[in-house]
Structures are given as C-alpha cells and as structure tokens.
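Be aware that the sequence shown starts at 0, since it is given in numbering that gives the first Met the number 0, and climbs by one per residue.
Don't read these hints as lab results, they were simulated from the structure. Every residue gets a Cβ at the ideal spot worked out from N, C-alpha and C, and that includes glycine. Hints should not be assumed to be uniformly reliable.
What the hints assert, rightly or not - Here are the simulated EDC-like cross-link-like pairs (lysine to aspartate or glutamate), alpha carbons at most 16 Å apart as the crow flies:
#1 K479 with E497
#2 K179 with D204
#3 K466 with E449
#4 K599 with E575
#5 K519 with D386
#6 K542 with E592
#7 K519 with E463
#8 K499 with D484
As the list claims (entries may be wrong) - Computed Cβ-Cβ distance ranges for the label pairs, DEER-style:
#9 K499 with N409: 34 to 40 Å
#10 Q183 with S103: 29 to 35 Å
#11 H314 with M480: 53 to 59 Å
#12 E352 with H314: 17 to 23 Å
#13 F408 with N384: 32 to 38 Å
#14 S419 with L327: 34 to 40 Å
#15 F408 with Y173: 56 to 62 Å
#16 E158 with G205: 37 to 43 Å
#17 L493 with A414: 20 to 26 Å
#18 V143 with G205: 23 to 29 Å
#19 E462 with D410: 42 to 48 Å
#20 E352 with S156: 37 to 43 Å
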Amino acid sequence: MSSTTKDSTNNNALGLSSPALTYTIRIAAIVFIAEALVMLFLIVVPIENEFFNALFDSIALTLILTPLFYKLVYLPIITEVKLRRKFQEELEEANIKLEGYTTSLKESYDIKDTQLKNIDAQYSAILESLNDIVIICDSEMNIVLWNNKAEETFGYSREDVMGKNVNLIVPDSYRIELEKRFRQFIQTGELRHNKLYNVEGLKRDGTLIPIEISLSAYRVNGSIFVTAIIRDIRGRRIAEEQIKHQIDRLAALRNIDMAITGSLDLHVILNVLLEQVSATLHVDAVDILLCNPNTLRLEHAASRGFSTKVLQHSHLRLGEGYAGRAALEGRTIYIENLQKDAGDFLRAPLLSEEGFITYCCAPLISKGNIKGVIEMFHRTRLDMNQDFLDFVEALASQAAIAVDNASLFNDLHRANTELSLAYETTLEGWSHALDLRDKETEGHSQRVTEMTVRLARDMGMSEEVLKSVRRGALLHDIGKMGVPDPILLKPGPLTEEEWKIMRMHPVYARDLLLPITYLKSAIDIPYYHHERWDGKGYPRGLKGEEIPLSARIFALVDVYDALQSDRPYRLGWPKEQVIEHIKSLSGNHFDPEVVEAFLKSEMDYQVS
C-alpha cells in the first residue's frame, strides 16, 4: 500500500476528510444562525415560560460559547487539517519522485547485474579457450581453478584436482624446491610478473613434459591466491632442436667449404669432412673410399671411429657390395639393420668385431663423374629419416667437390711443375749452347747463375724474385746470338767499330726476351749487367742504384768467375788476386754494398 493511501485512512478515522469537514462547518453555521434568530425572537417576544426561559438561557450560552469553541477547537483542527493536506500533497509528490528513483535504480541494478554476468561469462569463456594452462592456488598450494587446457595437457579433470595440492603435477625431484619458492613468493612477492621459469611438468601417466611458467599473486578478502600461467613448450623444444640441427649442419657445410678453399691438400680436406660428419650426424664411424680411375676400384682414403683397421685395405670394384652399388648406380643406400640384412655387404665378416647395426652409403659425384663414396656406421639403431639422408647427400656433394678440386689442383700442379721443369731445362740448354758458341769455359753460365742466386738470397731477395734472377743469369749472354761470329770469335783485340757491335748484345737480349711473357721478368740481368756503378757502362750508362740490384750482383759474380777462368788469350788469375781486383773496383765499377756482401759471404768461390 502506498504512503498516500495510508494518510487518507488516518484523516478519515478522525472525521477530517474534506467533504465531512465542509458539512460540519455548514451545519455549525446554520445552528449558530438559528440559535441567533431564536434568541432574537425571545428578546423581542418575551414568553413567560420556564421551558422557553431555559431554552433562551441555553441558546444564549451557546451563542456565547460558540465563537470561543470555534477558536479553541475547530480553528486549530481546520488549520491542522490544512497543514496535513499540504504535507500530504508534498508527500505524494515526493512518493511519486521516489518511485521514479526506485524504478531507475532497479533498472540500473538490473543492467549492472546483467553486465557483470556477461563479463563473468566472457572471462570464463576466455579462460577456458586459452591455449595456455591457467591454474590458481590458494596460499596452501591447493588448486582452486583448473582450465580446459590444464585438463588436456596434464590428463586430470577439473573434479580430480579441485582442492588438491598442486604438487600432483610437479616431479618428485622438484617438489621441495617448488614449495620453498612458493612460500618465498607468497611472503615477498619478489617473483611477481617478472620472470619465466623453464621446468618440467608431470602428466597423469607419469611422463614429463617441458613447460614454461610465470607466477603472479593477488589478494581477495584478506586471502592470497597465486595464478600460474603455464605454457606447454614441447613444440617449441622440437622446433629449437630442429633449428639447432639445421644450424649445426650449415656450420658443418661452412667448415667443409672453408677447408676446401683454405687447403688443396686432399688428406687435410677429407679429415675435416670426416670430423664434421661425425660431430653433426652423431654416427660412430665414417670412412671415404675414392675411385681409382685407372683400376675403377674403390680404395680406402680416410676413416674415423673404427676400432680395427680392416677397412683400410678395402678394394671394391664398381657395382660390388653396397658401396660399389652406390657408386655405380649413383644413389644413397641405407641399411637399417646390418646384422639382419648383411646381403651385399661383402665386408661384413671383417666388421663383425665392430658390432655395427645401421649403415648408410652415399656416392661422391662431381660433374657427372664418380669420385668415390662416403660410408657411415652406427652401433645402435639410428633413424635416418629423409631430412638426415638429404643432409648426407649434401655432405657427399661437398666431398665430391673437394676431391675434384684437389685432383684438379694436383693434376695442374703436376703439369705446371713439369712445364716449369721443361722451361728450366730449355733455359739451361740455351745457356749451354751459348757457352759452346762463345767458347766459354764449360759450366760458366751454370756457375755464375748459382753464385748470383746465393749472393742475392744473402742480400735479402725473396724466393719468388730469385726465380727471375736465376733465369736472367742463365740467359745473361743470349744477346750475343745477334753478334756475328767473326767479331764474337775474334782471337785478338776488337776495333772500335767491332766494339760498337759487341756492345749491342744487351739490346739484342732485351729485344729477344721482351716478347716472351714467361721471361719478361728476367730481362734485368741480360740488359743491364754491363752497366757500371760510376755510370760509365753500357748500353744506357746508368749510374748507382739506377741499375737493378740483380744486375749489380751478377756483374760482380761474372767478373769473379771470368777472371779465374782460362781463356785462349790468357790464363786464369789466382783467387786472392781476383778478390783484390774486385776490392779495387768497389765504388766505380761495382756497387760497394754488393762488394761488402760478397766479401762477408761464406760462399765457396773457388772455381771447380
């Protein structure tokens, strides 16, 4: 019942409703007027009767008391009624407003309640749909929340774990440490939100799985709860392992590349290859058999990891055994169990002491040519999946390139050596022919060449430069091929005109050697060995260090050997006389530093 209805009931109980009050006032007024008229009548018309006298007295008293009664009784009542009526109206207005406020508040409350219920439903839906495990524990490590992902990962239903200690998913080896850290976390909160832990979780079936966990704490009504966000990282671990394997394999290929580019020694390259294969593929033993192109047999070249040396004597024809078949057919052969499937493995009896189980052989093919095979052995079952075999083939390709490059280099080096030997033999033949034509003492060119090279080495020339020095010394007189025999072989002194022709032989030497690329660097001695330190030599009159050092050295050695040798027109000088003569020519004919180095040298200058 509303407040307005209640106030109306109270007024009716007092006889103060608006219609009753109006009627009461009207009746009172009529009675008052009637009494006044009767009173006036009795005054005007006196009646000697006790009844009328008593009535007159009563009416007079009533007329006298009525105003007083009105003022003392009715007027307060009327005033109170008016005040109550006004209060009632105000109260009714207030009630109407209050009802509006109440309705508004109720609607707002209903909306908020609906929103809260929606938020709670959304939160629950999100919590259950997360790919991460969410577990909430109280301060005693008892589980109070366990989402769907936790059920799926650990194998426990929500009913199995609610209210139980979280240790049921913690390995025994870690439980004490976990309780210690949990208490520390509850007390200090120092691990809050700021660290990820990689540990292991215990599934219902007893298996362990790698997990990543972070902790956070919150307080509700004075109670502390800890939320654990856990991520199953088995997939990540597998991916990380795969990436690590790929990186290791790329590093192995890189190391093999560096070995190939850094060395052309086939033995070194093969050892690096075997080391990388063993470390990367984790096989117990590995070897390489190279194909001998002459016999078409696979022969042992390098091995690693064997306890015996029986395979070092392997000689397999192409097509013979697994290795021969891999080479002949150009394909990788994988045997999962050698003990059950020895088959074509002809060397199985030899390897019985090794105890190998798994076997793999890949051909080494470069530019379509078979270079050999690489064999891998393992003493336990080894799952060689397609990824493994692909990497084996990549290693085999690298090994084939290494073998091919080393073979090409060895062949090229051998050919270059033979060519260089042919060049040197040809130069020595030319030098000997020049000695014969010039009627020099036998071996003059060879002697001065060896002495020049030794003195040049003592003066700090590099081995590379000494090659050109040697060639130049051998060909020092090749320009005399352009001097006519009558002048070259004349037994007596030459005329001035004849000397002009003779002094042209260094120019002839330059013109002869310059077009030959192989001998271009050897021109200095044939062209400049008749120049003098004081500038009085020929053909260009160079002075001092303008003359190449090799020519300055040869000039001294040539004179030293020539003066000790017998000639048709004189006998050879004694060694001591020659040395004194060379000393006397220091600073004018010869470079003083070359003379000093010559005198300090421990070379045996005795002419043999």
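These are the hints, each one checked on the structure:
Of the supplied pair hints, the one linking K479 and E497 holds, its CA atoms being roughly 13 Å apart against a limit of 16 Å. With a C-alpha separation of about 26 Å, the suggested pair K179 and D204 falls outside the 16 Å cut-off, and the hint is violated. Note on K466 and E449: the hinted pairing holds, with a Cα-Cα distance of about 11 Å set against a maximum of 16 Å. The hinted pair formed by K599 and E575 meets the criterion: a straight-line CA distance of about 15 Å does not exceed 16 Å.
Straight-line distance between C-alpha atoms of K519 and D386 comes to about 56 Å, which puts the hinted pair past the 16 Å bound. Proximity of K542 to E592 is assessed by CA-CA distance (about 14 Å); at most 16 Å being required, the pair is judged to hold. Among the hinted pairs, K519 with E463 is consistent with the structure: their alpha-carbon atoms are about 14 Å apart, no more than 16 Å. Of the pairs offered as hints, the one joining K499 and D484 holds, with about 15 Å between alpha carbons and a cut-off of 16 Å not exceeded.
Judged by the Cβ atoms, the range 34 to 40 Å given for K499 and N409 is violated: they are separated by roughly 53 Å. In this structure the hint that Q183 and S103 lie 29 to 35 Å apart at CB is violated, the actual value being about 51 Å. Between H314 and M480 the beta carbon distance is about 56 Å. The supplied range of 53 to 59 Å therefore holds. Checked against the hint of 17 to 23 Å, the pair E352 and H314 passes, with Cβ atoms roughly 20 Å apart.
For the pair F408 and N384, the beta carbons lie near 36 Å from each other, so the given range of 32 to 38 Å is met. Checking the proposed 34 to 40 Å range against S419 and L327 shows it holds: the Cβ atoms sit about 39 Å from each other. In this structure the hint that F408 and Y173 lie 56 to 62 Å apart at CB holds, the actual value being about 58 Å. Between E158 and G205 the CB atoms are about 21 Å apart, so this pair departs from the stated range of 37 to 43 Å.
The supplied range of 20 to 26 Å is broken by L493 and A414, whose beta-carbon atoms lie about 46 Å from each other. Under the hint 23 to 29 Å, the C-beta atoms of V143 and G205, about 25 Å apart, fit the expected range. One distance hint, 42 to 48 Å for the beta-carbon pair E462 and D410, is violated here, with the actual separation near 24 Å. Checked against the hint of 37 to 43 Å, the C-beta distance between E352 and S156 comes to roughly 56 Å, which is inconsistent with it.
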